[in-house]
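If you read the sequences in order, they're chains P and V.
Following the working numbering, the numbering of the first sequence begins with 7 at its first residue and continues without gaps.
Following the working numbering, the numbering of the second sequence begins with 229 at its first residue and continues without gaps.
By construction, these hints were calculated from the structure, which means they are not laboratory data.
For every residue, glycine included, the Cβ atom is placed at its ideal position computed from N, Cα and C.
Treat the hints with caution; some may be incorrect.
As the list claims (entries may be wrong) - Using 27 Å as the maximum straight-line C-alpha spacing, the simulated DSSO-like pairs for lysine-lysine come out as follows:
no., chain 1, residue 1, chain 2, residue 2
1, P, Lys-403, P, Lys-436
2, V, Lys-437, P, Lys-389
3, P, Lys-359, V, Lys-437
4, V, Lys-285, P, Lys-87
Said to hold, decoys possible - Per the computed footprint, the stretches of chain V lying under chain P, defined by three or more beta-carbons under 8 Å from a beta-carbon of chain P, are:
no., segment
5, 273-280
6, 340-352
7, 373-382
8, 424-435
9, 462-474
Said to hold, decoys possible - Chain P side only, calculated, beta carbon under 8 Å to chain V, not exhaustive:
no., residue
10, Thr-42
11, Asp-48
12, Gln-115
13, Gly-116
14, Pro-147
15, Ala-149
16, Glu-151
17, Gln-152
18, Leu-216
19, Asp-243
20, Gln-248
21, Asp-249
22, Asp-252
23, Lys-270
24, Asp-274
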Amino acid sequence: MFEMLTDRVGKSLRNLSGRGRISESNVREAMDGVRTALLEADVHHEVVDSLCEEVVTEALGREVTKSLKPGEEMIGVVHDKLVELMGPDASPPMWVEPGPTIVMLCGLQGSGKTTTCGKLAARWKNEGRKVLVAAADLQRPAAVEQLQTVVQGVESTGRGSGQVAFHGEPERCAEFGRAVGEAVTVCRNAINRARDEGHEVVLLDTAGRLHVDDELMGELEAIQTAVRPHRILLVVDAMSGQDAVDSARAFHQRLEVDGVILSKFDSDARGGAALSVRRVTGAPIVHLGVGEHSDQLEDFHAERVAGRILGMGDVVSLVEKARDEVDEAEAQKMAVKLAEGRMTMDDFLSQIKAIRRMGPIKQLLGMLPGMGAALKDMPIDEKQFDRVEAIIGSMTKTERTDPDRIERSRAKRIAAGSGTARDEVSRLMKQFDGMSQMAKSMLGPDGTPREQPAIPGLPGVGKGNTQIKSRRAGAKRGKGKKRR
Amino acid sequence: MGLFRRATDALRSGLTKTRTALTGVFGALAGRKIDEEALQAIEASLLRADVGPALTKSLIESLRTAWRQGTVTTGEEARDHLANDLRERLGDHRGSITRADQGPTVLLVVGVNGAGKTTSIAKLAKRFSAEGKVVLAAADTFRAGAVHQLEVWAERLGVDIIKGKEGADPAAVAWDGAEAAVARNADFLIVDTAGRLHVQEELMRQLSKIKDILGRVIPNAPHESLLVLDATAGQNGLRQAEHFLAAAAIDGIVLAKLDGTARGGVALSIREHTGVPVKFVGTGERPEDLEVFDPEPYVDALLGLDDGSTE
Chain P
7 MFEMLTDRVG KSLRNLSGRG RISESNVREA MDGVRTALLE ADVHHEVVDS LCEEVVTEAL
67 GREVTKSLKP GEEMIGVVHD KLVELMGPDA SPPMWVEPGP TIVMLCGLQG SGKTTTCGKL
127 AARWKNEGRK VLVAAADLQR PAAVEQLQTV VQGVESTGRG SGQVAFHGEP ERCAEFGRAV
187 GEAVTVCRNA INRARDEGHE VVLLDTAGRL HVDDELMGEL EAIQTAVRPH RILLVVDAMS
247 GQDAVDSARA FHQRLEVDGV ILSKFDSDAR GGAALSVRRV TGAPIVHLGV GEHSDQLEDF
307 HAERVAGRIL GMGDVVSLVE KARDEVDEAE AQKMAVKLAE GRMTMDDFLS QIKAIRRMGP
367 IKQLLGMLPG MGAALKDMPI DEKQFDRVEA IIGSMTKTER TDPDRIERSR AKRIAAGSGT
427 ARDEVSRLMK QFDGMSQMAK SMLGPDGTPR EQPAIPGLPG VGKGNTQIKS RRAGAKRGKG
487 KKRR
Chain V
229 MGLFRRATDA LRSGLTKTRT ALTGVFGALA GRKIDEEALQ AIEASLLRAD VGPALTKSLI
289 ESLRTAWRQG TVTTGEEARD HLANDLRERL GDHRGSITRA DQGPTVLLVV GVNGAGKTTS
349 IAKLAKRFSA EGKVVLAAAD TFRAGAVHQL EVWAERLGVD IIKGKEGADP AAVAWDGAEA
409 AVARNADFLI VDTAGRLHVQ EELMRQLSKI KDILGRVIPN APHESLLVLD ATAGQNGLRQ
469 AEHFLAAAAI DGIVLAKLDG TARGGVALSI REHTGVPVKF VGTGERPEDL EVFDPEPYVD
529 ALLGLDDGST E
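From just these sequences and the hints, can you work out the full model?
Right, dumping it as structure tokens:
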């Protein structure tokens, strides 16, 4: 997609360049592809128009027309503009002394508020805080129970030394339209309880609404007036379309939103809504929700989302995923092992498992620049990995440490044991050999790369986290400057 | 006739905002000659309604051609031209569902997280319980509270519900639901499923499995697979439809939350690219707020063409 876009823009500029000087109108014409891409990504059309206008001005200023690679240059300008519009990255959390800090969550129905509640609670628990989550959604049937289950899950399985408690008054629930007013009482009670029990933060999960619903919007305002939350966070579905602007505006007008959380970012939506919402509310985007589990909440980076909107892939999050799954010391040990050609089948297996924990392979590959479009319709057989795992699982301990010992009869046994064909076993052996050889040739004796880094971010290959750091620093350096 | 009237009214009220937006444009163009600027304003309106850049472009091109040929000159003519174009693209597929020749008709309801599946199921249950006995199968065993949410609805609506424990195999719940529907001589079985993002391949495979299981208990089931699509969805809605079509062979769309300010225009692209039509629309939070989708009033309301009484 990104390459396609760059090519398209470049070509339309170059085609014209043969006929003489590239003019402003040629640049405008080339912007058409950019415009379509942004609209496809659900950036609000007014934002698209003003953005394109700014890009044209800037591009002419930078004399894109004289550049050898006008396409890339222009996409660079667009990218920078997107980053500028969505940044700066994450504002610091606001903790109040003395507590409790009151955080109110709001959003449209189905935007992911309750799931996000669990994620925020898990994050704060991990920071060692004492959290009270209050169920102020008394409209949707069973919303209170849902939140309670989520909170209990976080308390029992979440990492960190903090505590997460739940405050709910399910008896106050009512059928549609009859529970208005009760939510304020629940919030007040929760805050009083937090003071008594010494919770540092109270998280209020409010009822979802279509913002045209004045009655329920009134309820949110009533809560705001009654408890004066220190921070109001708006949850926005990454898959939302043009309407994201209207709903964000409506929430912002009534409540003055302090920050935005973009949920369901693990979909293949390009997330143009982020841009629109940032533009309308002026509030920073603080987090991205990337899964259904309580630890799947990430910090927002304008660079990443800008890249994704343009279909440039998401190397930063790929690297982050890798970092989450791989322990630095382990990666270093692995690199040395690889360098000495001592990698075993067990190591190989744990590498595969680490990669798979990062998500479906297709999704991972999709994060690589230029791969997204190419992979869209390509079947990738995840079962292949199941078979590899089964094959290694059917090896004895000695075979795993010393795969060279596997000759024909052993291979036959392994194939039978794992329910695979002999061919598959020998193919795996070949791949394993090839990998060991490659690693040996690329890495110095201490496990550092000989010349250039191998595969960025791939655990155990190359320098692991050293690369990750330099990547991220690189990303930061690039900010605000020309990108190529 | 009365029912149809009500349906049209509900749809209209649901589409008030849509109409306002487009009436805005065509209101301003009323009695005026079309020019390039007017075409741009119409284009912006379509984009705002999530019709998407590609389809919008082709709609506008067709309009521009007609304008250049002189067949369209005024705002009213432009409006009619666009309405015809949209109607043609939508085709006539008003909300009928495939029914079983005998035994229970099985409806499988799928969609991404938060689209409004459970609420839509309550509405479908309400609608079909007017025609016969309805059994619900709560096969969303993943989301905390989902089973209970459906249970509350079942109780309010007075319909039977078959449920599994949280974390139970949803295919097993579907199986139990199908058996119960047969045993209890139900006319309809509506199966709820957990919300899943269309990119989660494993969960999409699970959906195919649920579908197969239903067919093993009741021949040809599910007779109707419905995708619940959030009207606020953007261009990603098309990807959703494509993936759910592949995994669950969806027959139709329930366009939920149309009572908001969102227009659900991506449904047009979905129809164009996959052929899957919208069959029902959700226009409120009460169980009766589900209407049969009729392309005529939809397009008319979308373009502000319905007889008078705009605002």
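Ascending list of hint numbers which this structure does not respect
none
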